[in-house]
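Visitor: Read off the chains here:
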Amino acid sequence: MCDTCGCGDHELVPVDVHERILAGNEKAAAHNREHFRAAGVVAINLMGGPGAGKTAVLEATAGVLKDRKMAALAGDLATDNDAVRLRNAGITAAAITTGSACHLDAQMVHRAMHDVPWKRFDYLFIENVGNLVCPAIYDLGQAANVVALSVTEGEDKPLKYPVMFRAADLVLITKIDLLAYLPHVSLNRIIGNLERVMPRPLFLPLSSQSGHGVAEWAAWLESIRSSHPNAKIVEGSLT
Amino acid sequence: MHEYSLIQSLVERVEAEARARSATAVHRLNVRIGEQSGVDIELFRTAYLTFRERTICEAAELEIDVIPTQWACGTCGGRIESGQPLRCPACLRPARLIGGDEIMLDRIEMEVA
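Quick mapping for you: the protein sequence lines, in order, are chains C and D. Position one of the first sequence corresponds to residue 78 (the working numbering), numbered consecutively onward. Position one of the second sequence corresponds to residue 12 (the working numbering), numbered consecutively onward.
Quick caveat, the hints were computed from the structure, so don't treat them as lab data. The model shown is predicted, which means the values in this text are computed figures rather than measured ones. Glycine included, C-beta positions come from ideal geometry on N, C-alpha and C. One thing to keep in mind: the hints can contain errors.
Looking from chain C toward chain D, a few residues come up when the C-beta cut is under 10 Å (computed) [as the list claims (entries may be wrong)]:
{"no.": "1", "residue": "G176"}
{"no.": "2", "residue": "V240"}
{"no.": "3", "residue": "A244"}
Model the full structure from these sequences, guided by the hints.
Guide: See below:
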């Protein structure tokens with residue numbers, strides 16, 4: 078009832094909220110992050126367009142970081158093909174099939190964490206749904222965001238999808254073995270475009286096929302791990 | 012197409028607020044969306060019109076304030092144009108995004124009995 082005159086009319090009330098619409102996801106992500114931190118697991122959110130070579134990068138990583146225990150959650154709209162590939166490469170992997178969702182969110186990751194004994198691992202790779210748009214704004218609780226961009230996708234992809242590249246801690250420029258067949262594609266132009274969308278541009282040219290850059294990528298992962306407060310202390314060296 | 016999932020979160024948030032205040036209807040929502048937030052404004056609007064049916068937002072107007080992208084030097088505060096390398100030309104320090112990544116629910120106008 079209207080308090081002023083008691084007329085019985087409904088009253089219009091403005092309510093100031095000033096809250097991020099993704100606050101619910103951010104809360105779930107903080108919860109995941111706390112779990113990862115407590116268990117000493119380094120979680121990496123690996124994003125990129127479909128076919129950028131995300132799964133191939135993880136297969137190559139397993140071949141190099143042999144002393145580290147790796148788990149992965151592979152997100153796709155349908156099929157568990159990537160999880161099968163990762164398992165064949167020696168990574169403990171589960172699929173997250175999203176149905177129609179174009180990205181993973183923190184809740185999906187949390188539910189999937191029940192499918193792998195993730196606490197036992199040094200790294201948990203979250204291979205996001207292939208998409209350069211939607212996954213960028215969903216925090217999953219990761220220690221770092223990595224974006225794979227293949228040289229075949231077009232030099233201007235960073236300019237077309239700036240939000241994704243701004244969110245990246247590291248960009249892997251993949252399939253560089255194919256540069257030999259792409260006379261019009263310039264690595265320098267790709268890098269120049271990354272510098273226009275990433276305030277702290279950090280990138281690594283890499284080929285999962287030839288192995289070029291894979292050791293540097295593994296070293297970057299290890300540097301993230303060593304700065305992680307509770308990372309498991311395991312003696313081992315890069316091979 | 013994450014706009015649909017954003018709208019779902021938005022409507023759920025509004026419903027919770029309306030429930031807490033025993034509101035009978037919602038008249039208006041004010042949201043702020045940045046140009047660099049990764050949200051397509053038109054898709055966001057379409058998603059809202061689709062998703063609000065049979066919710067407390069059914070008749071609520073959606074007012075969207077679009078925030079332009081603004082980069083500035085983290086040290087001297089000088090503005091850096093979008094499309095340029097994101098480094099201060101004077102200090103050589105990395106730029107900082109000071110506006111344009113908002114996805115915010117600012118205000119709900121509701122009717123209470």
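Visitor: Against this structure, judge whether each hint is valid.
Guide: Hint-by-hint comparison with the structure:
1. With its C-beta approaching chain D no nearer than about 12 Å, C/G176 sits outside the 10 Å limit, and its interface hint is violated.
2. For the restraint placing C/V240 at the interface with chain D, the shortest Cβ-Cβ distance is roughly 4 Å, inside the 10 Å limit, so the hint holds.
3. The beta carbon of C/A244 comes within 9 Å of a beta carbon in chain D, closer than 10 Å, and the hint placing it at the interface holds.
When held up to the earlier numbered hints, the structure conflicts with hint 1 and nothing else.
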